[in-house]
Amino acid sequence: QSALTQPPSASGSPGQSVTISCTGTSSDVGGYNYVSWYQQHPGKAPKLMIYEVTKRPSGVPDRFSGSKSGNTASLTVSGLRAEDEATYYCNSYAGNTNYVFGTGTEVTVL
Amino acid sequence: QVQLQESGPGLVKPSQTLSLTCTVSGGSISSDTYYWSWIRQHPGKGLEWVGFIYYSGSTYYNPSLKSRVTISVDTSNNQFSLNLNSVTAADTAVYYCARTVTTPPYFDYWGQGTLVTVSS
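Chains as they are written, first to last, in the working numbering: chain A, 1 to 110; chain B, 1001 to 1120.
For reference, chain A alone in the conformation it holds in the complex (with noise of 0.2 Å):
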């Protein structure tokens, strides 16, 4: 089972928006509606951002949504702000209980 792909780095100024891709195959992205995105600061651990494509946890500001079209997913952060500065992991259901990260994207805040 390969990583989803995701682009190695994303920035922004601060207010501005950042998408970021996530590509895999319709084996796993294209075949179920089960993508989830976190957020890892360095030398933390990861933490839930949006699941199940667009859906948000308690908690997560609404600057943060999900989407998805064909086999590729993406995270959009709107209004960025320095906090969001982190590395991003899309994640998918990959069919018979296996489940694929994707390679990361590093954000930074211009």
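No lab work stands behind these hints, which were simulated from the structure alone. No residue lacks a Cβ here, since even glycine has one placed at the ideal position from N, Cα and C. Treat the hints loosely; a few may be bogus.
[As the list claims (entries may be wrong)] A few chain B positions that, by computed beta-carbon distances, are all more than 12 Å from chain A:
1. E1006
2. K1013
3. D1032
4. Q1041
5. K1045
[As the list claims (entries may be wrong)] Some but not every residue of chain A turned toward chain B, in silico, with C-beta under 7 Å:
6. Y34
7. P46
8. Y89
9. G95
10. T97
11. Y99
12. F101
13. G104
14. E106
Chain B: place on chain A using the hints.
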């Protein structure tokens, strides 16, 4: 508030077995709503799902690790454990335990992680 805490040796010799335990507090490991997962992260790299266990003892493993992994559960102590045998330097990683919602599937609570180094 659910909390998870990993424990175990930080150094394992090559060819030996890596053993970690995750202690769950603030919630019951016997809930039928959750799986209990192990996820690892190689130094400076991305995340890799290792596998998970249901409170009943049913297990599901990453196919790439399946031949070397065993996950077990101890409901009386609200703990679950990971054994990874025949380790090599490639198994050096931070190991996280995480609560996993069954449907839709996602990892909602994570432990802080523990670094395990494989070295002689």
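Q. Just checking, K1045/B versus chain A, shortest CB gap more than 12 Å?
A. 8 Å, violated
**Q.** Beyond 12 Å from every chain A Cβ - status for E1006/B
**A.** 10 Å, violated
Restraint: G95/A near chain B, CB-CB cut 7 Å. Satisfied or not?
11 Å, violated
Proposed interface contact between E106/A and chain B, which counts if any beta carbon pair is under 7 Å: Because about 11 Å separates E106/A from the closest Cβ in chain B, which is outside the 7 Å limit, the hint is violated.
* Asked: Is K1013/B truly not at the interface, in the sense that its beta carbon sits beyond 12 Å from all beta carbons of chain A?
  -> 26 Å, holds
* Under 7 Å, Cβ to Cβ, is where Y99/A needs to be relative to chain B, so tell me if that hint holds or is violated. => Cβ of Y99/A sits 4 Å from chain B, so the hint holds.
Per-residue hint verdict: F101/A, partner chain B, C-beta under 7 Å:
Given a least distance of 4 Å, the restraint on F101/A holds.
Hint validity - Y34/A Cβ closer than 7 Å to any chain B Cβ
5 Å, holds
**Study point:** Residue hint T97/A, partner chain B, criterion CB-CB below 7 Å
**Key:** 4 Å, holds
When you look at the beta carbon of D1032/B, is every beta carbon of chain A farther off than 12 Å?
-> Since the minimum Cβ distance to chain A is about 16 Å, D1032/B lies beyond 12 Å and the statement holds.
| field | chain B contact restraint for G104/A - C-beta distance below 7 Å | value | Where the cut-off is 7 Å and the nearest Cβ of chain B is about 5 Å from G104/A, the hint holds.
Notebook entry, point to check: Per the CB criterion, is P46/A less than 7 Å away from chain B?
Noted result: 6 Å, holds
Violation of the numbered hints given earlier is confined to hints 1, 4, 5, 9 and 14; the remaining hints are satisfied by the structure.
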